[in-house]
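Visitor: Chain residues, written in single-letter form:
Protein chains: 4
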Amino acid sequence: MTELAAVKAALKTQAVETPSWAYGNSGTRFKVFTQAGVPRTPQEKLADAAQVHAFTGVAPTVALHIPWDKVDDYGALAKYAEDHGVKLGAINSNTFQDDDYKLGSICHPDAAVRRKALDHLMECVDIMDATGSRDLKLWFADGTNYPGQDDLRGRQDRLAEGLAEVYERLGDGQRMLLEYKFFEPAFYSTDVPDWGTAYAHCLKLGDKAQVVVDTGHHAPGTNIEFIVTTLLREGKLGGFDFNSRFYADDDLMVGAADPFQLFRIMYEVIRGGGFTSDIAFMLDQCHNIEAKIPAIIRSVMNVQEATAKALLVDRDALGAAQRDGDVLEANAVLMDAYNTDVRPLLAEVRQELGLDADPMGAYRRSGWQERIVAERVGGTQAGWGA
Amino acid sequence: MTELAAVKAALKTQAVETPSWAYGNSGTRFKVFTQAGVPRTPQEKLADAAQVHAFTGVAPTVALHIPWDKVDDYGALAKYAEDHGVKLGAINSNTFQDDDYKLGSICHPDAAVRRKALDHLMECVDIMDATGSRDLKLWFADGTNYPGQDDLRGRQDRLAEGLAEVYERLGDGQRMLLEYKFFEPAFYSTDVPDWGTAYAHCLKLGDKAQVVVDTGHHAPGTNIEFIVTTLLREGKLGGFDFNSRFYADDDLMVGAADPFQLFRIMYEVIRGGGFTSDIAFMLDQCHNIEAKIPAIIRSVMNVQEATAKALLVDRDALGAAQRDGDVLEANAVLMDAYNTDVRPLLAEVRQELGLDADPMGAYRRSGWQERIVAERVGGTQAGWGA
Amino acid sequence: MTELAAVKAALKTQAVETPSWAYGNSGTRFKVFTQAGVPRTPQEKLADAAQVHAFTGVAPTVALHIPWDKVDDYGALAKYAEDHGVKLGAINSNTFQDDDYKLGSICHPDAAVRRKALDHLMECVDIMDATGSRDLKLWFADGTNYPGQDDLRGRQDRLAEGLAEVYERLGDGQRMLLEYKFFEPAFYSTDVPDWGTAYAHCLKLGDKAQVVVDTGHHAPGTNIEFIVTTLLREGKLGGFDFNSRFYADDDLMVGAADPFQLFRIMYEVIRGGGFTSDIAFMLDQCHNIEAKIPAIIRSVMNVQEATAKALLVDRDALGAAQRDGDVLEANAVLMDAYNTDVRPLLAEVRQELGLDADPMGAYRRSGWQERIVAERVGGTQAGWGA
Amino acid sequence: MTELAAVKAALKTQAVETPSWAYGNSGTRFKVFTQAGVPRTPQEKLADAAQVHAFTGVAPTVALHIPWDKVDDYGALAKYAEDHGVKLGAINSNTFQDDDYKLGSICHPDAAVRRKALDHLMECVDIMDATGSRDLKLWFADGTNYPGQDDLRGRQDRLAEGLAEVYERLGDGQRMLLEYKFFEPAFYSTDVPDWGTAYAHCLKLGDKAQVVVDTGHHAPGTNIEFIVTTLLREGKLGGFDFNSRFYADDDLMVGAADPFQLFRIMYEVIRGGGFTSDIAFMLDQCHNIEAKIPAIIRSVMNVQEATAKALLVDRDALGAAQRDGDVLEANAVLMDAYNTDVRPLLAEVRQELGLDADPMGAYRRSGWQERIVAERVGGTQAGWGA
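Chains as they are written, first to last, in the UniProt record's numbering: chain A, 1 to 386; chain B, 1 to 386; chain C, 1 to 386; chain D, 1 to 386.
Just so you know, the hints here were simulated from the structure itself, not pulled from any lab data. It is possible that part of the hints are untrue.
Same chains, same label: a pair holds when it works inside one copy or across any pair of copies.
[Stated by the list, open to error] DSS-like mimics (lysine-lysine), calculated; alpha carbons at most 30 angstroms apart, straight line:
#1 K87 / K8
#2 K12 / K204
#3 K8 / K204
#4 K70 / K31
#5 K12 / K208
#6 K102 / K8
#7 K79 / K204
#8 K79 / K31
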């Protein structure tokens with residue numbers, strides 16, 4: 001197989017999981033803008049996600065968020081997904097949208113609130129049993145707003161205790177992915193603020209506990225690809241929540257703010273042996289002002305383009321320049337791949353997969369958008385609150 | 001008058017304006033937590049604000065937000081305020097909470113939306129005429145989320161045009177205070193992102209246009225007191241929106257995150273001749289998880305403490321050390337004031353004003369909180385959406 | 001002329017000024033690493049700069065730094081440059097490398113130090129008269145390290161006074177370019193910390209005073225292209241000091257850290273009518289660990305590539321999408337240009353100019369590096385201190 | 001013992017280690033300013049450090065930096081120190097000031113450079129054997145400036161290998177303290193950029209490997225006290241390098257930039273059981289523009305004041321408020337301690353220790369400064385390069 005053929009083959013194996021909530025409404029604290037055609041039910045979200053997969057070919061699974069995607073019969077939901085050409089993916093818990101969680105969930109000073117949160121997490125694992133999901137994605141909004149508000153160390157103890165209980169509940173083939181976040185919604189301390197904290201907890205829990213990197217959850221200037229490298233080296237990278245940012249956790253389309261950074265991240269994934277199904281490549285974005293399905297298609301394409309460029313890096317030449325200490329040449333080898341226009345290559349890959357070379361145009365021409373705008377009238381649009 | 005007497009006299013003239021919306025519910029994009037006893041009407045907000053003034057003695061005015069505080073009869077509202085011991089302050093406009101404003105307000109690419117936003121601003125000046133308010137505070141959520149989304153320069157042209165129309169509408173004794181903000185809710189570009197932009201626009205508009213400094217609206221590491229110094233030197237500082245932050249625009253209680261910074265800001269205000277009624281000292285905060293009225297009392301007290309320390313700086317000694325280039329001594333003179341415990345001094349000031357020396361305790365003992373929790377049942381609690 | 005021909009024509013007019021000091025040694029506070037073949041004299045720096053121009057065709061001028069490039073006869077130096085195919089460009093002043101400047105230069109509390117600094121600036125204008133340079137580039141290291149150390153407002157007064165004196169000295173056709181910098185070497189306050197401060201001073205001085213944007217001198221997250229847009233709109237953009245950064249003022253090769261940002265900046269330059277000789281496009285970089293001449297060639301090429309992409313933006317399509325409020329399409333139009341591989345186009349441009357299509361390779365093959373390594377033995381290598 | 005007596009007793013046990021290099025010259029990349037009276041030899045640095053201890057009573061040890069403090073006879077140096085009333089403390093290695101280290105030291109791509117760096121580290125342990133020092137403080141300037149320059153993962157492998165070799169060399173009662181740093185002098189990647197990386201390496205090495213927190217080595221906005229809490233909880237906090245910063249690694253006097261942060265850090269130290277001799281409390285500062293010995297005395301006093309306030313926190317009241325979820329009361333308990341003026345208390349502590357209540361004044365009156373200015377004439381002043 002030629003090198004280019006190998007790159008194409010790798011690109012055909014790519015899988016990006018899209019999140020059910022990205023199909024619904026989202027916004028900032030100032031305003032959630034509504035859009036015509038937005039899904040009202042988990043089923044409608046899956047139907048939209050199926051469109052993304054149909055046009056890109058590399059978005060075969062859909063992450064659920066509980067309770068936003070609660071249904072009576074998860075087996076039926078899984079069947080619904082498969083009938084539409086996709087599968088259910090990770091289960092995302094929610095321990096932040098109840099008045100009880102004002103001061104935290106599993107780190108809350110009150111044992112009763114901690115119990116409530118843990119019961120919810122256990123329910124999520126029950127749902128995983130029903131859906132066949134592998135991954136439980138845990139993001140905790142826990143933290144404090146004011147110095148002194150709570151005991152930072154006590155909160156870590158409660159966190160460890162809660163995580164251990166959930167870990168014990170995991171079945172064979174199930175994992176917990178622990179997400180860290182620099183800040184927001186807590187503004188003084190966050191209980192899992194960085195990869196080091198997530199890593200330390202996962203290390204004690206065991207092999208089923210892995211760290212998930214949300215690309216928007218870091219301090220300004222953080223070298224995210226270094227974290228990817230380190231977690232892969234430690235065997236503790238479980239997956240990604242992809243999005244992009246200029247400032248805080250902006251949740252813009254992945255690759256929109258800094259496409260070079262996304263390329264560097266994907267290069268370290270490949271270099272570290274992480275381009276496998278053991279790593280969950282997920283989107284976690286908010287399409288506050290742009291059309292949602294096209295935005296998600298664009299995001300998937302952005303991940304593809306970064307991956308294609310990363311696969312094109314001439315690693316032999318790079319290694320030689322690095323060993324020689326030739327700073328400019330090593331940088332040039334990397335940039336040579338980055339500066340390549342990979343869109344024609346990806347068009348070929350799509351055509352070889354039997355897809356339209358232009359997913360954005362194909363979606364636009366498909367009439368799906370007009371159909372959902374016409375059909376999805378009445379009811380309550382899905383959003384972060386539903 | 002002794003020096004300490006002069007400090008006390010100055011502290012007795014202090015006036016901090018509290019914002020009507022801080023008495024209502026607020027939150028993050030993840031959740032707005034409700035609190036018992038929260039006002040349902042503009043009148044109830046004023047009643048709460050009156051408590052803050054009653055216990056601190058230095059919070060005599062209340063800023064309104066339109067349309068959240070819309071009433072049929074503003075004259076009656078002003079009378080209601082005065083009957084409760086406070087007055088109406090600045091009018092705050094809102095051009096961000098309507099679906100039409102998804103891509104901006106007075107910078108929107110569509111002239112119809114710009115017209116709608118401008119009509120709202122004109123209405124705000126009408127309200128100022130009715131309430132006798134001096135200041136129109138303008139904060140625009142305008143900006144873009146993605147590179148290319150709109151023409152950055154075209155948006156500046158529209159901004160200038162819109163501001164000019166509002167400026168023309170201002171009556172004698174009325175001002176517009178233009179607020180800048182680093183980011184949020186827009187995540188790629190913001191149309192008034194920094195003091196320089198606000199200053200450049202205000203300079204062209206004329207003397208009635210002044211810049212307002214929100215202490216939470218800067219890039220990480222920004223030296224805010226330098227901006228205060230510069231705007232005062234240019235005669236373009238109109239006022240403050242006080243709050244504090246660890247990360248982004250956290251809107252925590254002023255002085256909670258970095259009390260030393262607040263002291264430095266107040267020192268530059270005093271040094272620059274800004275401790276006068278020409279500068280509007282306003283709070284703009286979100287008490288997402290803490291009790292609202294006590295949080296506002298605490299905030300007012302924090303401003304008082306920073307002011308007292310700033311007034312205590314031995315400016316003769318400071319100037320001498322500065323002229324001598326004695327870095328350590330100059331710093332020591334400033335720190336000497338900062339390290340002083342001014343709480344006993346402020347207790348005296350309060351007692352001399354006929355107030356309880358301990359506003360937090362006095363409020364707690366007053367029974368007001370229990371009363372509003374008991375009485376304010378039913379209805380819709382005030383918040384950012386109402 | 002076809003559109004592509006217009007793009008090529010524009011690219012052929014491009015002019016990037018390289019700085020004499022980038023050919024010498026530089027480093028961090030921890031260590032200045034030496035390199036073989038580094039120039040020992042201003043003449044040797046010019047000879048190296050001539051190589052950069054010879055291989056790129058778009059680096060026709062060289063900025064000088066006084067006193068590092070002090071010579072007895074500036075006319076002879078200009079002649080030397082022209083004999084080598086380049087011209088002398090901006091004169092850069094230095095008011096930070098003398099023990100007297102420990103607490104500042106033209107903002108120093110001591111009038112004698114201010115006088116010394118001003119005399120140096122006057123001497124720089126004398127040199128401009130001799131070299132025929134148009135631009136005096138002013139960067140002040142002035143600031144303070146500790147709160148209270150000096151009077152922030154007094155320093156602004158001294159700054160204004162000093163700038164006014166230099167402004168008066170400028171001849172016809174001469175300009176002063178005032179640079180701002182967020183921080184370093186001062187760590188508490190900097191006397192010209194942001195574009196707003198530089199703008200406010202330049203506005204008062206007059207038309208010959210313009211702001212220069214060093215791309216590494218901003219707070220984390222700052223939208224630099226917005227500043228470019230605004231300064232162009234105000235008629236106050238005088239030029240650029242190009243370099244790139246991940247953290248602080250890293251002074252890496254321009255385009256190395258965030259090529260997408262450089263593209264966005266160049267797009268705003270073009271959109272704002274700034275792609276003319278009125279704007280000085282200068283490099284200001286430190287090649288601490290990489291070979292210097294090749295690094296500068298690479299930097300010039302990076303500016304070319306960003307410019308080519310910016311010129312390729314389909315502005316009609318972009319404007320249409322912006323007017324329609326089509327967020328995704330407008331972003332796509334911009335990204336379409338960015339994602340284009342412009343290296344073949346630039347190879348053509350070079351060949352049409354009679355140059356090698358591959359400047360990096362051509363320089364490597366030229367033997368210049370081996371020659372200077374062999375010849376430049378002994379003497380004192382040029383660096384920031386000489 | 002009353003509570004206040006306990007606070008005083010604790011303050012009397014405090015020990016802050018001062019660094020030999022802070023007595024010498026330092027600066028930024030732009031300029032190192034010289035000062036009269038600066039030491040020329042390790043012995044003169046120790047003599048200055050002895051003054052700091054003589055006037056504060058809590059600075060009994062002095063950290064050495066190799067090779068800056070290289071001597072022929074370390075036993076004699078230790079004796080010299082003890083004769084002057086202080087002891088030798090941690091040994092700091094230097095693997096950044098040799099031309100060979102341009103691309104790194106123990107992470108360098110070339111095995112010969114790695115060997116050289118490791119030999120130096122081994123020599124440092126030899127010196128520890130001679131001086132009786134407990135701690136080897138390791139800070140590596142290793143990293144890269146450009147994407148692609150070297151293999152991020154390969155560098156981690158080399159780092160792990162190098163650290164393991166040094167770890168094996170440690171004797172009983174000896175420790176290695178691994179320091180992390182966000183950036184500088186490397187500007188793209190740093191090989192130990194955050195506490196997580198240092199922690200992961202130390203965990204694998206064993207109990208003698210501990211993390212050291214330099215308070216200036218974090219991304220903007222980082223909650224440092226959270227890291228302190230976590231490392232103490234994990235049993236992996238080895239010590240501090242105290243200093244303060246507004247922007248990057250400014251190395252200002254500890255407590256000068258954000259005294260509230262220093263207080264919060266000291267509170268977490270005490271709450272986490274870290275106020276013991278197992279934690280090395282060291283200064284690591286640069287007194288670029290201020291007089292050095294007084295700056296170090298002030299720094300020691302700033303640590304004392306923060307410690308005193310942290311010891312004064314009413315932990316019973318704090319715990320009760322935290323358990324009640326009373327956000328404002330819990331914050332108020334903490335702030336009550338912070339707002340206390342502890343200078344009178346510390347004056348008493350000093351007097352009870354037989355010291356002058358006013359260390360700054362006492363030093364000024366001692367005549368030491370005049371003496372060293374007069375006596376230390378000629379020779380080469382100590383600095384980062386010597």
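Visitor: Look at each hint and say if it fits the structure.
Guide: Each hint tested on the structure:
1. For a Cα distance limit of 30 angstroms, the shortest separation of K87 from K8 inside one copy, 24 angstroms, qualifies, whereas the shortest one across copies, 50 angstroms, does not.
2. Proximity of K12 to K204 under the C-alpha cut-off of 30 angstroms is found in neither arrangement, the shortest distances being 36 angstroms within a copy and 38 angstroms between copies.
3. With identical chains, the CA atoms of K8 and K204 are never at most 30 angstroms apart, being 39 angstroms at best within one copy and 39 angstroms at best between copies.
4. Proximity of K70 and K31 under a CA criterion of 30 angstroms is satisfied in both settings, with 25 angstroms inside one chain copy and 19 angstroms between copies.
5. Proximity of K12 and K208 under a CA criterion of 30 angstroms is satisfied intra-copy only: 28 angstroms inside one chain copy versus 48 angstroms between copies.
6. For the identical chains of this complex, K102 and K8 are neighbours neither inside a copy (49 angstroms) nor across copies (39 angstroms), given an alpha-carbon limit of 30 angstroms.
7. For a Cα distance limit of 30 angstroms, the shortest separation of K79 from K204 qualifies neither inside one copy, at 37 angstroms, nor across copies, at 46 angstroms.
8. With identical chains, the CA atoms of K79 and K31 are never at most 30 angstroms apart, being 35 angstroms at best within one copy and 32 angstroms at best between copies.
Hints 2, 3, 6, 7 and 8 from the list above are not met by this structure, while the remaining hints are.
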